[in-house]
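Colleague: These are the residues of each chain, in order.
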Amino acid sequence: MAKKVLTVDDDPDVRLFTTTVLEENGYVPVEAGNGEEGLQMIKSEHPDLVILDVLMPRQSGIRLYRELKTSKALANVKIIILSGIAKKTFLRSQQALTEFGESPVPEPDFYLEKPVEADVLADTIRKAIG
Amino acid sequence: MEIKKLMFVTKFEDLGYEAVQALLSLRKASLEHIVFMNVIEREKVAMQRGVGYKKEEAVRLKEAANIRFIDWAERLFEQGMEVGVYIQIGSLEGEVAKAVRKEEADLVVIGRSHKTAMEQFYSGSTVTGIIRRVAVPVLVYKPASESPFSLGKPFERPLLATDWSPASLRAIDYLLPLKPLIQEVSVVHVADEKEIEGSSAMQAQQIRKDTKRRLEELCARFEAAGIAARAHVYVGEPEPEIDKAARECQATMVVMGTSAKMGWVERFIGSTPREIAEKSPFPTLLIPPERR
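Line order of the protein sequences matches chains A and B. In this text, residue positions in the first sequence follow this note's numbering: the first is 2, and each later residue adds one. In this text, residue positions in the second sequence follow this note's numbering: the first is 10, and each later residue adds one.
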């Protein structure tokens, strides 16, 4: 059965790009436009992988990542961060939140900075979920 | 009325990152989330005869805004803040109102209007246009270089200018949770010159005394919450007197209630909050009337 991949990004052009890459590589794409919507879809669609943007309306990818990694039920969801925000910033931000008393979270396994080539994205998806 | 989420609306030339930094003092109260917004006016990319829709220009403007916002967002994320971004093409007032509803923001921060007097007469002021459409307070921020006493701490010495309207009294509830940021509040009423015209010195003093007593009652509400407050009575035209009071009290911000006056009425008879928001060098926090 084809694996399901959820893209959480507010930019419709990015969602179109990832959807095309996913379909061409035999995955089933689903989409959400912000972090809140993304969390709902993770719970309802049970994707095998989430491609997650950071800077979005309503809820950022930083918060959604943290929610997933601190949830017993969702901590194992595979995630690729795909963002214009630098990885260094993502890590510092998580560190700052931990310093403010929130639970520590692990580093993301995969982090791609935008813009990304289609073959790089496809390779990373394969590495993440086969 | 806590400020947990603020929407920072910028055209970049009017409000820059230094304004964001000054507003970060709100973290001492309850600020957790800043949403940046840039609205590209439709005319800049609209359909034109012989040119059509200027898609490349739209992409260029959106990307330029995105690059600025990514830079600002990175700095805030690294401090543990939550950040969001909207870059829209459309009318400023309409897009801000939509985003405020979607985000459930507690405060909108904008720069002063760049419309000319004639444009304001025909299409109304941007500031009042926004405040009529959103149910949350609007802070019209002025660059530090324009504000005599802002020093990057806009909430340190607010001046509440009250005309006893429900919205200006509602401003008290808005300021109370900002206690950790406030050094002292000046509570000011500008009495109409006509009220004391033709009265004896005794009558004029009585008016001043009665007004001061009413102001002291408002000050008592601040003091009960542990915020120092001082009452001041001025007499004359509201706009210059409020400006004078702000200077004399070394205020860092003017806080006022706004009425629900219709746009066209306001264009003809004017509005003190709009005048102060757009002409005074002090950042101006406008509190809307309660919506039913």
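Because the hints were derived from the structure by calculation, they are not lab data. Incorrect hints may appear among the rest.
If you want the footprint, here are the derived chain A segments under chain B, 3+ residues with CB under 8 Å [stated by the list, open to error]:
id, segment
1, 37-51
2, 56-62
3, 94-107
Listed next, with one range per pair, are the computed distances between beta-carbon atoms [stated by the list, open to error]:
id, chain 1, residue 1, chain 2, residue 2, range
4, A, L92, B, R110, 32 to 40 Å
5, B, D23, A, K73, 42 to 50 Å
6, A, G102, B, M56, 50 to 58 Å
As the structure is a prediction and not an experimental result, all values here were calculated from the model. Each residue gets a CB set at the ideal place from its N, CA and C atoms; glycine is no exception.
Colleague: Each of the hints needs a verdict: does it hold here or not?
Modeller: How the hints compare with the structure:
no.: 1; hint: 37-51; result: violated (count 0)
no.: 2; hint: 56-62; result: holds (count 6)
no.: 3; hint: 94-107; result: holds (count 5)
no.: 4; hint: A/L92 with B/R110: 32 to 40 Å; result: holds, 34 Å
no.: 5; hint: B/D23 with A/K73: 42 to 50 Å; result: holds, 47 Å
no.: 6; hint: A/G102 with B/M56: 50 to 58 Å; result: holds, 53 Å
Violation of the numbered hints given earlier is confined to hint 1; every other hint is satisfied by the structure.
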